[in-house]
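Just so you know, the protein sequences line up as chains A and B, in that order. Numbering (numbering that gives the first Met the number 0) for the first sequence: 0 to 214. Numbering (numbering that gives the first Met the number 0) for the second sequence: 0 to 176.
None of these hints come from the bench; they were simulated from the model. Note that CB positions come from ideal geometry on N, CA and C, so glycine has one too. Among the hints, a few may not be true.
[As the list claims (entries may be wrong)] Covered by chain A, according to a simulated footprint, are these stretches of chain B (three or more residues, beta-carbon under 8 Å):
no., stretch
1, 28 to 39
2, 68 to 77
3, 83 to 93
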Amino acid sequence: MATGRLPAVKWVLLEAAFVVVVGAVFAFAANRVSPRGLALTRNYFPEGTGRLVSATPLATLPQNAAGTNSMALDPAQLLAAELKEKGLQLADGSQAVQLFHDPRFKQGTVVFVDARGEQHYREGHIPGAYEFDPYRPEKYFDAVLPVCKAAEQIVVYCNGGDCDDSETAAILLRDVGIANQKLLVYGGGITEWATNGLPVELGGRNSGSLRNPNK
Amino acid sequence: MKSGQPNWNRIALNLSSVLVRWMLGAVFLYTGLSKALHPVDFLKLVRQYDLVQSSLVLNSIAAALPWFEIFCGLLLLAGVAVRGTALTLMLMLVPLTVLVFHRALAIESALAIPFCAVKFDCGCGTGVVFICAKLLENFLLILLSGWLLAGYGRQFSLRFDLIKPHPRQGEVGEIRE
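Based on the provided sequences and hints, a complete structural model is requested.
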């Protein structure tokens, strides 16, 4: 029985090796032809991006002076400190609202940049915000860069919470020449914005379709 | 066995084994597709495990893994190279389950909550899940892969043994009516 099994094991191992090789070829080819495929050589996370609370196992978070985990800190303080370390500034909810109602927003010198994917953007964004997916930047640079260069203040946001796409987008914009002091990262993101009942634009930019238009 | 009388136990075993194969194939097809359709989201989840520093390796894992799962799912659904595929899936599931377990332990310790209360998106293609349910699910998937590896699920397969030319009579899993 045991001697009869050995060849069978050999065939199964050979078959598994075949599956692995052909599967790998299929997988890379499919990624190559897929319109959503990843570019293997691109660094999707430029130096300095990645939020501490989401990018590393939570148990490895630094301990504060009292010996307790950093998670015990106020999340806004922790985020502000992390952003400061990366040379970025945090905008809180009231600051974001203030900038939204600032006359410069209508003039185009205060700009909101939505750093989420296309689908999320279409499902609802801050009215007038520019779409800028930091993982497909080449698609958006033409529209976003001239606007950002002309702006005095740029508010970049994503979903809020653990989402660090706004940081990635801000760093990307800084890397292509947008002045650091113009950039603000709105930590609460669209989640906080919508929860506070502020206007949300559906579909494309300036579509005119608004939720909570009077706020 | 008396001729002319169907062996209902064998028929039931054969059919349930085929269902296992189809179910396992459908699971991997679904989880693979859900990742392949949102590769950047999957890339970010893989990155959270902090496994590799090289962006090329990280991108390769996130780009290939979903499509590899789809490939394995299709093989199981069609019944091609079933035992080789089942072995591959087992070898993939075991280390992935260990990784998910380790990350859950880290979250448990950081948040000081019971282990089974830990929930997060492990990048498994099923969104945010409670860890105990996820581990149970993976354990079940490993068991079912082992079932197919033992040679069951031969019915309705295009080419169960892709490489082995002549399956021997009486081998485990060769359940003939």
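Now for the hints, and whether the structure bears them out:
Taking a C-beta to C-beta cut-off of 8 Å, the stretch 28 to 39 of chain B contributes 5 residues in contact with chain A, enough for the three needed, and the coverage statement holds. With 4 residues carrying a beta carbon less than 8 Å from a beta carbon of chain A, the stretch 68 to 77 of chain B meets the three-residue requirement, and the given coverage holds. Residues of the stretch 83 to 93 of chain B with a Cβ under 8 Å from some Cβ of chain A number 5, which satisfies the need for three, so the listed coverage holds.
The structure shown violates none of the earlier numbered hints.
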